[in-house]
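Protein chains in written order, with the numbering used here: chain A, 144 to 422; chain B, 144 to 422; chain C, 144 to 422; chain D, 144 to 422.
Watch out, some of these pointers could steer you wrong.
No distinction is drawn between identical chains; accordingly, a pair holds when it is met within one copy or between any pair of copies.
[What the hints assert, rightly or not] Mimicking DSS-like on lysine-lysine, the simulated pairs with C-alpha atoms at most 25 Å apart in a straight line are:
{"hint": "1", "residue 1": "286", "residue 2": "158"}
{"hint": "2", "residue 1": "179", "residue 2": "404"}
{"hint": "3", "residue 1": "389", "residue 2": "254"}
{"hint": "4", "residue 1": "158", "residue 2": "226"}
{"hint": "5", "residue 1": "226", "residue 2": "389"}
{"hint": "6", "residue 1": "223", "residue 2": "158"}
{"hint": "7", "residue 1": "158", "residue 2": "404"}
{"hint": "8", "residue 1": "179", "residue 2": "256"}
{"hint": "9", "residue 1": "254", "residue 2": "234"}
{"hint": "10", "residue 1": "404", "residue 2": "226"}
{"hint": "11", "residue 1": "226", "residue 2": "286"}
{"hint": "12", "residue 1": "179", "residue 2": "223"}
{"hint": "13", "residue 1": "179", "residue 2": "389"}
{"hint": "14", "residue 1": "389", "residue 2": "223"}
{"hint": "15", "residue 1": "234", "residue 2": "286"}
Simulated from the structure, these hints should not be mistaken for lab results.
If you want the building blocks of each chain, they are given just below.
4 protein chains.
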Amino acid sequence: MNLRHIIRIQCSDRKGLIAAITGVVFANNLNIVVMKEFVETNYNLFFARLEVSGEMEPGVMTTQLREQLPGDAAVEIIAKEPKQLVVLVTKEYHCLCDLLVRHHFGEMNAKIKAVIGNYDVLQNITERFDLPFICISHEAREKQAYEQEVLALLQQLNPDYIVLAKFMRILSPDFVAAFSNRIINIHHSFLPAFVGANPYRKAYERGVKLIGATAHFVTNDLDEGPIITQKVIAADHEYDVAGMIKAGHEVEKSVLADALKLVLEDRVFVTGNRTIIFD
Amino acid sequence: MNLRHIIRIQCSDRKGLIAAITGVVFANNLNIVVMKEFVETNYNLFFARLEVSGEMEPGVMTTQLREQLPGDAAVEIIAKEPKQLVVLVTKEYHCLCDLLVRHHFGEMNAKIKAVIGNYDVLQNITERFDLPFICISHEAREKQAYEQEVLALLQQLNPDYIVLAKFMRILSPDFVAAFSNRIINIHHSFLPAFVGANPYRKAYERGVKLIGATAHFVTNDLDEGPIITQKVIAADHEYDVAGMIKAGHEVEKSVLADALKLVLEDRVFVTGNRTIIFD
Amino acid sequence: MNLRHIIRIQCSDRKGLIAAITGVVFANNLNIVVMKEFVETNYNLFFARLEVSGEMEPGVMTTQLREQLPGDAAVEIIAKEPKQLVVLVTKEYHCLCDLLVRHHFGEMNAKIKAVIGNYDVLQNITERFDLPFICISHEAREKQAYEQEVLALLQQLNPDYIVLAKFMRILSPDFVAAFSNRIINIHHSFLPAFVGANPYRKAYERGVKLIGATAHFVTNDLDEGPIITQKVIAADHEYDVAGMIKAGHEVEKSVLADALKLVLEDRVFVTGNRTIIFD
Amino acid sequence: MNLRHIIRIQCSDRKGLIAAITGVVFANNLNIVVMKEFVETNYNLFFARLEVSGEMEPGVMTTQLREQLPGDAAVEIIAKEPKQLVVLVTKEYHCLCDLLVRHHFGEMNAKIKAVIGNYDVLQNITERFDLPFICISHEAREKQAYEQEVLALLQQLNPDYIVLAKFMRILSPDFVAAFSNRIINIHHSFLPAFVGANPYRKAYERGVKLIGATAHFVTNDLDEGPIITQKVIAADHEYDVAGMIKAGHEVEKSVLADALKLVLEDRVFVTGNRTIIFD
Numbered sequence: 144m145n146l147r148h149i150i151r152i153q154c155s156d157r158k159g160l161i162a163a164i165t166g167v168v169f170a171n172n173l174n175i176v177v178m179k180e181f182v183e184t185n186y187n188l189f190f191a192r193l194e195v196s197g198e199m200e201p202g203v204m205t206t207q208l209r210e211q212l213p214g215d216a217a218v219e220i221i222a223k224e225p226k227q228l229v230v231l232v233t234k235e236y237h238c239l240c241d242l243l244v245r246h247h248f249g250e251m252n253a254k255i256k257a258v259i260g261n262y263d264v265l266q267n268i269t270e271r272f273d274l275p276f277i278c279i280s281h282e283a284r285e286k287q288a289y290e291q292e293v294l295a296l297l298q299q300l301n302p303d304y305i306v307l308a309k310f311m312r313i314l315s316p317d318f319v320a321a322f323s324n325r326i327i328n329i330h331h332s333f334l335p336a337f338v339g340a341n342p343y344r345k346a347y348e349r350g351v352k353l354i355g356a357t358a359h360f361v362t363n364d365l366d367e368g369p370i371i372t373q374k375v376i377a378a379d380h381e382y383d384v385a386g387m388i389k390a391g392h393e394v395e396k397s398v399l400a401d402a403l404k405l406v407l408e409d410r411v412f413v414t415g416n417r418t419i420i421f422d
Numbered sequence: 144m145n146l147r148h149i150i151r152i153q154c155s156d157r158k159g160l161i162a163a164i165t166g167v168v169f170a171n172n173l174n175i176v177v178m179k180e181f182v183e184t185n186y187n188l189f190f191a192r193l194e195v196s197g198e199m200e201p202g203v204m205t206t207q208l209r210e211q212l213p214g215d216a217a218v219e220i221i222a223k224e225p226k227q228l229v230v231l232v233t234k235e236y237h238c239l240c241d242l243l244v245r246h247h248f249g250e251m252n253a254k255i256k257a258v259i260g261n262y263d264v265l266q267n268i269t270e271r272f273d274l275p276f277i278c279i280s281h282e283a284r285e286k287q288a289y290e291q292e293v294l295a296l297l298q299q300l301n302p303d304y305i306v307l308a309k310f311m312r313i314l315s316p317d318f319v320a321a322f323s324n325r326i327i328n329i330h331h332s333f334l335p336a337f338v339g340a341n342p343y344r345k346a347y348e349r350g351v352k353l354i355g356a357t358a359h360f361v362t363n364d365l366d367e368g369p370i371i372t373q374k375v376i377a378a379d380h381e382y383d384v385a386g387m388i389k390a391g392h393e394v395e396k397s398v399l400a401d402a403l404k405l406v407l408e409d410r411v412f413v414t415g416n417r418t419i420i421f422d
Numbered sequence: 144m145n146l147r148h149i150i151r152i153q154c155s156d157r158k159g160l161i162a163a164i165t166g167v168v169f170a171n172n173l174n175i176v177v178m179k180e181f182v183e184t185n186y187n188l189f190f191a192r193l194e195v196s197g198e199m200e201p202g203v204m205t206t207q208l209r210e211q212l213p214g215d216a217a218v219e220i221i222a223k224e225p226k227q228l229v230v231l232v233t234k235e236y237h238c239l240c241d242l243l244v245r246h247h248f249g250e251m252n253a254k255i256k257a258v259i260g261n262y263d264v265l266q267n268i269t270e271r272f273d274l275p276f277i278c279i280s281h282e283a284r285e286k287q288a289y290e291q292e293v294l295a296l297l298q299q300l301n302p303d304y305i306v307l308a309k310f311m312r313i314l315s316p317d318f319v320a321a322f323s324n325r326i327i328n329i330h331h332s333f334l335p336a337f338v339g340a341n342p343y344r345k346a347y348e349r350g351v352k353l354i355g356a357t358a359h360f361v362t363n364d365l366d367e368g369p370i371i372t373q374k375v376i377a378a379d380h381e382y383d384v385a386g387m388i389k390a391g392h393e394v395e396k397s398v399l400a401d402a403l404k405l406v407l408e409d410r411v412f413v414t415g416n417r418t419i420i421f422d
Numbered sequence: 144m145n146l147r148h149i150i151r152i153q154c155s156d157r158k159g160l161i162a163a164i165t166g167v168v169f170a171n172n173l174n175i176v177v178m179k180e181f182v183e184t185n186y187n188l189f190f191a192r193l194e195v196s197g198e199m200e201p202g203v204m205t206t207q208l209r210e211q212l213p214g215d216a217a218v219e220i221i222a223k224e225p226k227q228l229v230v231l232v233t234k235e236y237h238c239l240c241d242l243l244v245r246h247h248f249g250e251m252n253a254k255i256k257a258v259i260g261n262y263d264v265l266q267n268i269t270e271r272f273d274l275p276f277i278c279i280s281h282e283a284r285e286k287q288a289y290e291q292e293v294l295a296l297l298q299q300l301n302p303d304y305i306v307l308a309k310f311m312r313i314l315s316p317d318f319v320a321a322f323s324n325r326i327i328n329i330h331h332s333f334l335p336a337f338v339g340a341n342p343y344r345k346a347y348e349r350g351v352k353l354i355g356a357t358a359h360f361v362t363n364d365l366d367e368g369p370i371i372t373q374k375v376i377a378a379d380h381e382y383d384v385a386g387m388i389k390a391g392h393e394v395e396k397s398v399l400a401d402a403l404k405l406v407l408e409d410r411v412f413v414t415g416n417r418t419i420i421f422d
C-alpha cells in the first residue's frame, strides 16, 4: 500500500520549524515526496505543504506535529482523494465546457456533483456529459428567496468547493459566509482593474493594451477576495468590446482551470487577503 | 536619392478613402513601402500611416491629399529624421541607462538633447555618455517656481518629445498643456490598476499575481492619459515589495523603450483617450 | 443586403498595386471593411487581403482585378461562409474536445462533417456532440490499404480542410499531395526543435526550459511544412515527461484553435515554406 | 553580526534527508531563511539549497552534514559574497552594455574584473564604465595560439565565471575543460532549434513564428551544454532577418541577465546535461 497524504501547516515562524516537522515525518517512517515552505517575513508567518507517502494515522500525526509547533499552528492532513464540486453558471458556456471536458476525462482531482444555473441555457450541454443540471431562476423573485433556495441545495449537496464559472449574480454576505474560502470565482479582468460589471467595456474605453482574467476566492467585498491566478493577453486597437470579450474567453477558462487545479490539489493557503501557493 | 517619408492621415471615414489616398501617392510616382490603416467603427474614424519612397514635395502632396479627403482630415507628412528628446529623471537609473545605451549606439530614431533631473544622482552616468545633465532641484521652493524653470529650459531646448524616465514629480496642468501628447511617462503598474504613488506596495497588499508597467502620454489626470504600451510579469507570493520593485524595473525599461520606438517612428495616433498604433 | 466577401491577392510586387486594387473596389461601389497587405521584399512578392461589404459579382470583379495586376497574380474572392472540415484523431481527447465545443456553440467559421479515428476511443465523445465518428483501423493491414480507405472517405466528404487533431500516423506523399496546403497538423513541440516522435521525452532529456506546440500545414517532409502558429510555456526542472505532456496539452489545443481560426477566416497565405498571416 | 551562507547539497536520495539536514542546521543554532529541495525521481537524486543566517564554521558544518548524508554527497557552503567575472565579447554591444550598467550600479552579485574582446570595438564603452578592456585579436594567427593567450589571461584573472556576451568564437575542448560549468554563453535561438551560426537567418527561412535566446553552460558540444534560461518572443511575417536580429537583441540581453543572476546567487545545479534551478 502506497498511501499519499498532503500535510499543510500554517503558523507563526520560529527557528527550527522545518527540522521539527521533518523530524516527526521521519520518525513516522514516511517518505517526503515533495516539500515546499515559505516564510512571510512581514508578518512572521510560516507555511508548509508536504506530500508524503507511507502508512499514517492522521490523528496521531496531527497531535505529534502540534506538539512541535507554535500554539497558533493550523495543521491539516488530507488524503489525496478527489474533491466534491458544485458549479454555478449563468449563460456563458466557455468556462463550464472546459470543466465538463476535463471532468469527463478524469483530468481534475474532483467530482462535479451538479451544475446549477439561473437560466436553463446550459442544461443541454451539461446533460450531454451525464451530469445533473438544476435551474433555479432568479427572475421575478426577491434576491433573498432566490439565494435561500440555492443555499439550501448547496448545503444538501455539501461540496468541498463551489465554482462560479461565469455566474453573473452577486452573492450576499450570508451566502458567502456559509462557504468561507470555498467559493472560487472567475472575474473577467486583471484585478484590481475594472472591478464590477462590464470590465471589457471599461477596458475598451480606457484604451488598455492588455486584457485579462482573475480567479479568486469570493468574499463580501465584490471582486476583492484573495487572488489565486491571473493572466493577460495583448489587445491592440483592433479589439472592440466584442473582440475583447471573445479573446477574453480564452484567458478566462485557462485561468479558472489553473486556479482550480491548484485549489483541488491543496496547494493554496489564504492569509489575510493574499494567497501563498505551492505549485 | 531614395527619400523616405511617413504620411499620416486621420479623418472621418467614408467609402473610397484608401483608393483616393493611394491614387494620389501613385500619381506622384511614389512607392508605398508599407501601408496600414484602421477604421474605428464606433466613432466612424479613419486612420492611415504610409511609408513611401521617392522624391516628393510635402506641401504639394498635402494639398493634393486634402482635396481627396473629408474636411476634418489631419494630414502629416514627415521626413524620416531623428526626433529631438529631453529626458526628465529623478533618482532611478534603470530607464535612463537603457535609453542612454540605445542612444549612444544609434538604436533610437532620436537625439537626446539633455537630461534634466530634480536630483543630481544621475549626472555622473549621463555625462559618461557625453550628454548634458541639468539639475533643477525642486527642494525648498514653490512648485510653480520649480516648474517655470524646467518649462523655460524645455522651451529653449524645444524637443519633439519629453520622456519622463521615472520622473517622480507630478506636473501641473499648465506644464502638461504646453506639450500636449508630447510627454511620455512610464508608470510602474498595469494601469488602470494602482494609479498614483507606491503601486508596488499596493500590488503587494492586494496580493496580485502579476505586476506590470504602462507607458502613456501625460494628461492633466494623473496616470489617466492615452496608453501606448503595457506589459506584465508573473509575481508569486515570494515577491515582497522590494522584490516587486526590482523585478518591475525590467518591465519598466522594456515598456518605455517599446513605447518610445513606436512614438519616434510616428506610429502612434491619439484619439480621445485611446491610441491607434501601426507597428 | 450587406454581403461580405474576402478578396485575396498574391502576385509579384510593383508600384501602384494598392491604388489599382482599391480603385477597382471603389469603382464597384464596395466598402473596404478592413484591408491588410504586405510586400515580401526579399522575393518581390505582394500579398493583400481585403474584407469588403456590398453587392458584388465575383467573376466580374476577378476579371477587373486581373486586368490591373501582374500576370502571375492569384486572385481569390470568397464569400464569408463556413468552411467544411474533417477531423482526424487517434486517442488523445484534448484537441478534439476543444474543437467539438467550439463547433457546437458556433464559435468556428466551420462545419465539422465527420471525425475519423484510427481507434474508436474518441467515438463516444464525438457522438455526444451529434457528429459522425468513423473508425478506420490501421491495425493488421498495409499502410497503403489503410490510407486508401481514409482517402476514399475524405474524397467523398470533400472538406475544405482536414485537421489532424493529434492524429499520430504519418501520411504518405500521395495522401498529402491530394490536399495540398489543406491539411493542418498540430505538432507537440516548438518546431524545428524535436521533429518526429516523442518530442516531450526529447525535451526532457535536452533539459529545455520551454515546451511548446506548432500548428502547420502538412507537406511530404515530416514536421517541415509551413508554420501557422506556435506557442511555448515555461517548464522548469520539476517537469518530468508526464508533466510536460500534461502541460503541453494546454498549449496544443490553444495553438491548434488559433491556427484554425486564421485558416478558416482566409487569413493565411503560403509562400514557399513560409506563411503570411493577416490577423 | 548577521552572516548569510548558502548551503548546497547534491546526493542520491533516501528517506530522511531533509530531517537530517535541517537537524544539523538547527543544532548549529542557524536560522533557515529559505530552503528549496528537489528529488529527481528518474535518477534518484536529491538537491537542496538553503540560505541560512547566523554564525557558522563552514568546515565544521560541512563535516557534520556529510556524516548525515550518503557517501556521494557534494556539500558546498558559500558565503554570500560577490563572484568574480570576466566577460568575453566580439562586436555586439547589447549584452555587454546590459551587464556594464547592472554592474556599475551594484545590481549584480558580482565584480567584473575585465572585458576581453577579439576586436577593439567595445573598448570605448567598457572604459566609460572604468573597467579594463583587453583586446586579443584572433586575426592572422592560429586558433591554438589565440586561445592560449586568452587562456593565460583568464588563468591570471582567475574569475569564478566567464561570460560569453555574444562572443562569436567557438572555444576548443581544452579551453572549455579548464572552466567546466563555469562558462556561460548566450545563444541567439531557442535551443535545440538553430544550433550554430546564423540562427536568425535559419529562423527566417524556416518561417517560425517565435524567435528566442538560450543561456547555457558551455561544453565541448556546440550549443549542447546544460540550459539555464530560455525565452521567446513572437515574430510574424513582417520580420525579415534584420528585424529578427534587432528584436532578438532584447531577448538575448534579458535571458543572459536572468541566467547570470541565477548562477551568481548559487541557485543552479548541473546534473548530466540538465539544470536544477532554485529561483
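Hints, verified against the model:
1. 286 <-> 158: neither (51 Å within a copy, 51 Å between copies)
2. 179 <-> 404: both (17 Å within a copy, 22 Å between copies)
3. 389 <-> 254: Result: close only across copies, 19 Å inter versus 29 Å intra.
4. 158 <-> 226: neither (34 Å within a copy, 29 Å between copies)
5. 226 <-> 389: between (31 Å within a copy, 20 Å between copies)
6. 223 <-> 158: between (30 Å within a copy, 21 Å between copies)
7. 158 <-> 404: Neither: 32 Å inside a chain and 28 Å across chains, both beyond 25 Å.
8. 179 <-> 256: Neither: 31 Å inside a chain and 38 Å across chains, both beyond 25 Å.
9. 254 <-> 234: Intra 22 Å, inter 23 Å, cutoff 25 Å: intra and inter.
10. 404 <-> 226: within (11 Å within a copy, 36 Å between copies)
11. 226 <-> 286: neither (29 Å within a copy, 45 Å between copies)
12. 179 <-> 223: This pair counts as both: shortest intra-copy Cα distance 17 Å, inter-copy 23 Å.
13. 179 <-> 389: between (37 Å within a copy, 22 Å between copies)
14. 389 <-> 223: between (36 Å within a copy, 19 Å between copies)
15. 234 <-> 286: Only inside one copy: residue 234 and residue 286 sit 18 Å apart there, 47 Å across copies, limit 25 Å.
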